[in-house]
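Based on these hints, arrange chain P on the given structure of chain H.
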Amino acid sequence: MNILVCIKRVPATAGQITLTPDGQDIDTRYLGFTISPHEECAVEEAVRMIEAHGGITTVLTLGPEAATDQLRDAMALGIERAMLLETDGREWDPVATASAIVQAIEAERAAGRSYDLVLFGNESADSAGYQVGVRVADALDLPCVTGIKAIELADGHATVRRQTESGWETAEVSLPAVLTVKEGLNLPRYPSLPGRLKAKKKEIGRIKPQWQGGGLEKIRLKLPVQAEHTVEILGTNGDAGAQLVEVFQRLRLL
Amino acid sequence: MILAFIEHVAGAPTMLSLEVLTMASRLARKMGTQLEAVAIGPKAVAAAEILSSYGVSTLHVADDQRLDDYAAAAWAHAVADLAARVNPRVIIGTASDRGGEVIAHVATRMTMPMAANCTEIVPGDPFTVTRQRWGGSLLEEAHLKGTIKLLTIAPHALAAEASPSRTQVATDTFSPALEDKDFRVRLKISLAQARVVVGGGRGVGSAEGFAALEELAGLLGGAVGCSRAVTSLGWRPHSDQVGQTGTRIAPDLYIACGISGAIQHMVGCRAAKHILAINTDPGAPIVAQADFAVIGDVQKVLAAVNAEVRRVKAGEPSRSPA
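Here the protein sequences line up with chains H and P, keeping their order. Using my numbering, the final residue of the first sequence is 254, and nothing's skipped along the way. Using my numbering, the final residue of the second sequence is 322, and nothing's skipped along the way.
In isolation and in its complexed conformation, chain P is listed as follows:
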């Protein structure tokens, strides 16, 4: 059996994945074996419809909430777990950044060699593959050994070609046995997509003062932003800047800490559903435009808030307001 690792966006396979399926189904025919596919995340179930045109008999879907965000080691663990159960002779994926990274991890997990950026595969033992070197300016013919052949397919080495006849695609949802160490690379939520943004201005006091904002953002699963004044002071990188010349954000809640609320900043956070202002000055423009406000020093307010949020997250009852 050949196992194709499929990348998808909400259940729609990427173009490179369709190219891989095309290559894999030709290879399966040559080898007289079946083609199965594996994809990460429950939404991948929707891919079965398209995969039926590529000769796929079973779609394996790794279902675990922790796999929603890209985590190469965890995704590879899922694929390797499945491979140990279904014994494929070939594991084949795209040579996209993610595809290549995942297959490389699968290869080390299974202690198998791997050939990247293949353009042709001739089955046999060993396989004879043609692969790209020098970005494709040079080709290499190579023998690929190993009891399981691991390969990635060079982008656009062939055109994706759906078959007119359709297969019945069985779906197998499985839960891989993941470990904490599969998640040692933690993806940070981007400002533009965060549901909560904790923004800091000059009132945060210093670059180190952002630690409290980082903590609150971490507790709420959000991202940290800042005002232009903070970027100019060199406290935060420009990529954190919210405003006219920075990122426009649209979170459910924007927590503006020590930010006065200059118009250039406000255009960047206008799309926030709610604004909470923390400021020493009740007359600051941001307070007038906020839905909620706390008057006081950012560090003192956040110290209290963070402690309270930590307590509630630990399952302790919140202390009711005095």
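Looking at chain H on its own, in the form it has when it is part of the complex:
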């Protein structure tokens, strides 16, 4: 079984987002980077599938050289191969991203590696285009299910479940297929030390796709307007009891 997991390097944002002065990006000078959360679960799921069914997993990302950190993070968890679609750091829109990934998958196929399963996050944490997985599936003429929170594989097909307002929806799809997953699919493991050391030494395949516009062009980023807001300090330590009770009563909780 051949599984491809597509991930994205995103800033590990904390309490507040600060923008660069030109408003083009998040100021990441004091931030770390991580794999977008839905995709962390995709990586974990791919590793579990291979543990259960055998095969080879590949992780792919489109991003700058620094995104090799995230590829190595994925390899530290048990992914075997990695591919970087290297950019100059500029943001690629969903159409361009999908088309570069499709080309990479087709090149792999021409070299004799066809994927039974291509996993994506449902949407990236940062740009949240909600479409790259669907676009890749349609371009490769593969069936696609989005927003998945459970996958079972058997005999060339996948049974997947997603959560809807009215409960769980179960669907079945033959492989090869594209599945986009959501956090909650599993609890990703922590990388082991030997896993990290092994990942460090592994080779990363590189492709340099030509930057292209896809029809959605960022003009600038902006922070949502925060309403003016004051906080009422109710007390310190043990002297807050009575005041809290008063708040509960004000909110008619007591």
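Just so you know, the hints here were simulated from the structure itself, not pulled from any lab data. We treat Cβ as the ideally placed atom computed from N, Cα and C, and that holds for glycine.
Over the 10 Å line for every Cβ pair with chain P, so calculated as not near, a few chain H residues: (1) Pro-21; (2) His-53; (3) Gly-78; (4) Leu-187; (5) Arg-189; (6) Ile-233; (7) Val-247.
Subject to a maximum C-alpha distance of 27 Å in a straight line, what follows is the list of computed DSSO-like cross-link-like pairs (lysine-lysine): (8) P:Lys-181 / H:Lys-182; (9) H:Lys-208 / H:Lys-198; (10) P:Lys-273 / P:Lys-300; (11) P:Lys-145 / H:Lys-222; (12) H:Lys-222 / P:Lys-30; (13) H:Lys-149 / P:Lys-188.
Listed next, with one range per pair, are the computed distances between beta-carbon atoms: (14) P:Lys-273 / H:Gly-205: 54 to 62 Å; (15) P:Gly-221 / H:Ala-154: 17 to 25 Å; (16) H:Leu-19 / P:Asp-180: 42 to 50 Å.
Same frame as chain H, now just chain P:
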């Protein structure tokens, strides 16, 4: 013309769809163009009443039985087919799980860019949109190009607002040219809603033994369930369990295969209109509570039943009982 993709429950548009209509009708006014809507399934015709308060001039309804269950690719095919016929300048939908998925498929079908989770739209060429990133903690102003602008509207970016004046809504029912490949994702009927449930117990013999139950459920358009014993053995997931600590079912027919009929199981299937028990033991409690029973080994009985059902479904006459 602006085409709004509307999600509905039996003809009642969802709240997010009403928000989309509100945004779309404002945009239509700014662009000096008309607003039309498209919805899936014949029941959507009933939505015309509500849409008349949102400035909609025509409601297009995709009518095909195969569209009754959600199938993103097929729904998108229907919308794209319609768009090719009516030439909208904008296609706009909700950013719900389904809305976002359908519009993304429409976008690839029409090879157009798409902007998800928009909160503001300024028409022009290109459009200038404001859209949510980071779940809304950050906003992006972007140019949206393409000869047809595809967008989804972020939930609660604005309040749904019905207009006091009503429009006359024409209804256009159409049959999209769907393909088999639009249905490669097959929705499974949930246990709780299935008209037929084929349940298996220890008597099925093994996890692999459920293949025969799966086949019968597939042939009858039903779902597979199981007893607690089967879940404990790890043969089936807990989500398949019928009973006190599992799912309560109410099908027209419950086919209990190799299930003894412990009281904890029976409370889960008590609401079934009919019970058919297949069991080697004529003295099993389930047999006493069933309307019909076949005494025998589950695999042998199902092999014969499945073959017979397949034959009848293929149009061959049923062999009369010996």
